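Place chain B on chain A using the hints.
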Amino acid sequence: MPSSKQWLGAGLVALASSAQAAPSTEELQKQIDALQRSVEALQQQLQETRRAETTVTPPKGGDILASQTSSQPASIATKEDVDGLRSDLENYKYEQQRNRETKTALSSRALTIGGSVQARATYQDVPTRAGSTAVADDRYSSFDVPQATLNFSGSLYRDYAEGRNLDYRLAFAYAKNTPANNNSQFNVTDAYLRYSPFPTVTGLEEPKLTLTLGQQQIPFGLEAQVGEELRPVINSAQFLNGLGVGTRQIGLIVRGDYDPYVDYGFNYRAPLLEYAVGVVNGNGPNKSDDNSDKDWIARAALTLPVDYNSLFRELKLGASYYKGSKNLTRTAGGVTSVVDQGKSDRFGFDIYYNHDPFGFTYELAQGSDETLNGPDVKSRGQYLTLFYTFGEQWVKSFRGQAKYDDWWPKSYQLFTRWDQWDPNRDVAKDKTTISTGGLNVFFAETTKFQLNVSHTDYEEDNRESENQYLAQFQFGF
Amino acid sequence: MLRIKLFAALLGVTASLFTLPGSALAEEKPAVIRFAIPGAGTGGRPITGGSYLSTAHLTGALEQEFKHDAIKVQWTLYPGAGPAVNESFASGLVDFSGHGDLPIIVGRSTGLKHKVILSYSRFGNLYFVVPVDSPAKTLADLKGKRISVFKGTAGQLQLNRLFEKFGFTEKDFKVVSMNTDTTKSALATKDIDGAIITPFDLQARGVARVLLEIKDDPKLTAPASIWVSEEFEKKYPQITQRVVTALLKVAHWNSDEKNRKEAFKLWSQSGTAYDDYLKSWESYTLKERSTPLLDDYYVASIQKSIEEARRYKLIRRDVSTDGWFEPKYLNQALKDLKLENYWDRYDVAGNKLPNKLAQQ
Chain A
0 MPSSKQWLGA GLVALASSAQ AAPSTEELQK QIDALQRSVE ALQQQLQETR RAETTVTPPK
60 GGDILASQTS SQPASIATKE DVDGLRSDLE NYKYEQQRNR ETKTALSSRA LTIGGSVQAR
120 ATYQDVPTRA GSTAVADDRY SSFDVPQATL NFSGSLYRDY AEGRNLDYRL AFAYAKNTPA
180 NNNSQFNVTD AYLRYSPFPT VTGLEEPKLT LTLGQQQIPF GLEAQVGEEL RPVINSAQFL
240 NGLGVGTRQI GLIVRGDYDP YVDYGFNYRA PLLEYAVGVV NGNGPNKSDD NSDKDWIARA
300 ALTLPVDYNS LFRELKLGAS YYKGSKNLTR TAGGVTSVVD QGKSDRFGFD IYYNHDPFGF
360 TYELAQGSDE TLNGPDVKSR GQYLTLFYTF GEQWVKSFRG QAKYDDWWPK SYQLFTRWDQ
420 WDPNRDVAKD KTTISTGGLN VFFAETTKFQ LNVSHTDYEE DNRESENQYL AQFQFGF
Chain B
0 MLRIKLFAAL LGVTASLFTL PGSALAEEKP AVIRFAIPGA GTGGRPITGG SYLSTAHLTG
60 ALEQEFKHDA IKVQWTLYPG AGPAVNESFA SGLVDFSGHG DLPIIVGRST GLKHKVILSY
120 SRFGNLYFVV PVDSPAKTLA DLKGKRISVF KGTAGQLQLN RLFEKFGFTE KDFKVVSMNT
180 DTTKSALATK DIDGAIITPF DLQARGVARV LLEIKDDPKL TAPASIWVSE EFEKKYPQIT
240 QRVVTALLKV AHWNSDEKNR KEAFKLWSQS GTAYDDYLKS WESYTLKERS TPLLDDYYVA
300 SIQKSIEEAR RYKLIRRDVS TDGWFEPKYL NQALKDLKLE NYWDRYDVAG NKLPNKLAQQ
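Listed in order, the protein sequences are those of chains A and B.
Using numbering that gives the first Met the number 0, you'd call the opening residue of the first sequence number 0 and step up by one each time.
Using numbering that gives the first Met the number 0, you'd call the opening residue of the second sequence number 0 and step up by one each time.
This is chain A alone, in the form it adopts within the complex:
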């Protein structure tokens, strides 16, 4: 089939030759036919071009190797294209600005809002009335919201060059009234400023140092400080409350590390020494000091300097010491008064090993509290937790993989814990031992389902042992 150019040429030649002499009717008819064929060929070519521009077959898997080897010439943007793009851009800018002003929460400084909520169902085989209204009957089961927190954090000064930032954090936690009523309290838990004198963005090999002033968690042991990776149980270890090392304190605490073992090939950092020293009021959160003595705290932890791929990765030993004092009081004639200050010291030792998919934590904590009349009260708590994870929840690189959707690696963590608390080692039969087994199901980035079954054994003669069953959703935002 002749191409359109040939037909067009033929038509033009016919026209040109016709100019030489007066054409006959037959010749004119031939010229018209030639022109008509040229026009038809051009129309056909135009049609094919349009079809090529409008029909795009998306590639199907490996088909592209065979079917898309003849690439189309690159299109050139026209003035209309550029004007359209400019118009779209202007619309986008307007919409962004309008949304920012009318539909976006603004703050005077960079702000991150977060929080967590727990929704729990409990059943125990020994009746209780705890946590309810003053007039209540025994119960065996309950639905509860044991925790709801809200926190705000950000930088007051951000050092883009080296990351010597001045950060802040303000956190609140819901708490029931005692006895409970329909209202709740909303207490400040964290309220502090934190400054990083050392660079924080220059590399993993740099040591870290922070100074934190305000109300904060104290660096004692593992249980109160570590993330959920190492704390799979719903209820905290007993000694946290028993020794008071789980409560917030107000003061100044310096935290840092030294000689980090860095394995850039795995993006792994394990400081040989982590340390913390600080001074706090010692009488808990949300109040001024209750005496002139300050409490002192020190903690050191050593992590084995080995490669990420080593069997001994994340094997850490730590020791904590809290040198405290408390008011010793006497009540006479209905009036309680401070007589003196007595020591209230805490010592702890901890070890953890975390080599995905398995790991363990062990912690021992002792307290020594002076009394006004009588010997010091020596208390001791300890626990051992073993855990095993099916899934990739704790493999940082895997859970950080590139994905379009809200993907998260589903993981199942089995654990068991043995937890013992002896409030006074000089008193016989006062220990409480809790054995817990459970399962954590991680199914979204900040949400998990927890199932705990625990048996609490009281040594006291007049107290019955009990079994407790907890099912809980914990979600963060």
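One or more of the hints may lead you astray.
[As the list claims (entries may be wrong)] DSBU-like mimics (lysine-lysine), calculated; alpha carbons at most 30 Å apart, straight line:
#1 144/B - 170/B
#2 264/B - 402/A
#3 264/B - 170/B
#4 315/A - 112/B
[As the list claims (entries may be wrong)] Some chain A residues well away from chain B (every beta-carbon gap over 12 Å; in silico):
#5 33
#6 39
#7 87
#8 104
#9 107
#10 140
#11 150
#12 257
#13 261
#14 432
#15 468
[What the hints assert, rightly or not] According to the in silico footprint, chain A covers these stretches of chain B (three or more CB under 8 Å from chain A):
#16 32-45
#17 174-187
Calculated from the structure, these hints are not laboratory results.
Remember, predicted model here, so these are calculated numbers, not experimental data.
Heads up, the beta-carbon is just placed ideally off N, CA and C, and yes, glycines get one too.
Relative to the frame of chain A, chain B by itself:
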């Protein structure tokens, strides 16, 4: 007589079946082949470009190969690049992956067990880029300044080679770790003073300029590797062969000049501009940069990288290459696809050798 011959033939076939090694009979099939890519597209999107491995992912070449075997191909793209692949592999989550020279060497130095089966992505130009208004005229002018590199990746080794070429070490600069996206932003905001990066989109935006451009220096660049875990290779040698053969087909397509624009279009889905590929590949043939061969240059280059990594103190112990490279799958695929002479071979210095039959 015919019946006797038929019986004898059947008997022979049956006997030969029993004498075949177990692997040749019916190799156990994996339910899934877990392929890792050390990188992600702009903004962390699960698409990369720049190599035939990316093309294999984008075109579903492996999925096509295994679709009749009920074997799923799972691609995992890691924004944390090579170090992130190492972490996942150490947790038993990867069967095959691509890797730049430094992370694969670090992995082997710490005991990760893999076999190198293919080479991919070699050569290329090096651009050292600074903020557009930087007063620096030479690398020496940046002494003590902040230079970014994605530590633990092949880029760190390349940066050290560049420093060494001009008589410097990392200690002469403040070298900070950033990924590609962050580096581009930091150049625009002048939070860093320089980096090795493809400059074209930054230049187009008027935020950066090229301080140093080094074209085609095989001593500064190093080929990347595709590996299979020793466990997978030992358990599924036939599947490994099919993976290699399928990848070789893609490498062949990716080496054909008539597919240049199509390949760049595919890759530009990653967020890197089409124009970036056009410009950064314009002085190379596709064959040069997409060769899968484990030739003399590949072997010498990895050995050189090991020595450099040790010299720059990026690894803590020596790495032996004994038994690391496994070219039998590549050779078989080259033979099956009749591509033995398709790609050029390069000598230890990166110079093209006269074409000859495969001798690997």
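Hints versus structure:
no.: 1; hint: 144/B - 170/B; result: holds (11 Å)
no.: 2; hint: 264/B - 402/A; result: holds (21 Å)
no.: 3; hint: 264/B - 170/B; result: violated (40 Å)
no.: 4; hint: 315/A - 112/B; result: holds (27 Å)
no.: 5; hint: 33; result: holds (38 Å)
no.: 6; hint: 39; result: holds (33 Å)
no.: 7; hint: 87; result: holds (18 Å)
no.: 8; hint: 104; result: holds (23 Å)
no.: 9; hint: 107; result: holds (22 Å)
no.: 10; hint: 140; result: holds (40 Å)
no.: 11; hint: 150; result: holds (26 Å)
no.: 12; hint: 257; result: holds (19 Å)
no.: 13; hint: 261; result: violated (9 Å)
no.: 14; hint: 432; result: holds (35 Å)
no.: 15; hint: 468; result: holds (33 Å)
no.: 16; hint: 32-45; result: holds (count 5)
no.: 17; hint: 174-187; result: holds (count 3)
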